[in-house]
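Go by the hints and put chain B onto chain A.
Each chain, letter by letter, is given below.
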Amino acid sequence: MTFSISTTEDGLTRLAIEGELDAVSVSDLRGDLEKLLARQPSRVDIDLSRLRMVDSSGVGALVSLYKRVRAQGGSVVVSGLRDQPLAIFRLLRLDRVMVGAELATPAAPTKTTTTSNN
Amino acid sequence: MLGILDHRDVALRAVSAACKLVTRKPQGPAWNEFRMQVVSAVGEAFNNIVLHGYEGRGDGIIEMEIRTRPERISIEMRDYGSSFDPTTVPPPDFDSLPESGLGLFIIRSFMNISYAPGKPNVLTLTKTLDPQLAETSAADPSEGAP
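Chains as they are written, first to last, in the numbering used here: chain A, 82 to 199; chain B, 240 to 385.
In case anyone wonders, no lab produced these hints; they're calculated from the structure. Glycine included, C-beta positions come from ideal geometry on N, C-alpha and C.
Here are a few chain A residues that face chain B, going by a calculated C-beta distance under 8 Å:
1. Asp-136
2. Val-144
3. Ser-145
4. Leu-173
5. Arg-174
Derived coverage of chain B by chain A (criterion: at least 3 residues anywhere in the stretch with Cβ under 8 Å from a Cβ of chain A; other residues may be distant):
6. 279-293
7. 326-338
Isolated chain B (complex conformation):
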């Protein structure tokens, strides 16, 4: 199981790099938040595929296709494990301080999501960067990217 998870870091680095392609000025708080949310959501999706879709297995394939265009990123994740539709899961009961089930909530809070079960299962995550907010944010000299 961890063998597959060990590849997550590579996948997230690619996603983080792709976030730079969605705007002419990949900097400032709006873009930083955009990238943080995309990387966080894809990391959770990767976890779910490994821990649930490929549960009990030491191997498994996750195919990722990252598409960018101005102000928009789309990540398609294909796996051949058990199907699990994340769009049908209710939100956690936060009053009970849940220790699990939080990943799906993070994904759905940060990105738009669609899911098609099958062989492969296809999970598509998309997110749009507000161009005006990004331009204004990137132009603020007091709020540079790290």
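This is chain A alone, in the form it adopts within the complex:
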């Protein structure tokens, strides 16, 4: 699993996750999600277009992020779902809550953190 987090001056945060987000790899993401939440972003776009597989642990982390950002007054939009992750989001009825229109071309990031766990 590889992920990147970038932020722009206007408070937009983009989280892109690639590979497999599961019970093994999710622990690598949690610390950076805490840092992301500490910045109280006004909006988080989660790009899952390169996510090949997700399990309930991975979904749980994303739902937790969604709920906590919303509790801070921000918004979260998931995009790019396909194949197995799309099937899981549909099965768990998250597609109606968290999934928005396709991501627009993101603004240039001011800060980027990339972590690889391959």
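Only chain B this time, still in chain A's reference frame:
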């Protein structure tokens, strides 16, 4: 705990490979969905055994037996941890956006399930591939397997 989970990838690769044995034409959207659902369900079952059955332990044994025959796969998972009957758990309350308890729902949605507690606990997951749907799907040249 993660020591056991690290073996999950090997188990899922074996399950994915076994899915190729259930049909003469392992390709097309129907078979792809079959394989995706089987691998997803077994992955969740593996997680549950490690995270709940062997909770707090750094080791534990999971024995897997995969049986295939035409249009059908059966995976028996045996563990020696705490018993936990997944067939008795109610579905999640989706309106509350639950962050846990989703794995069992995924397993039960994608595969038939039976459970026998004991030493070992025996969880059996089975799934049937609709032969007509698989043949039609595999024959469609516009929908090949990746």
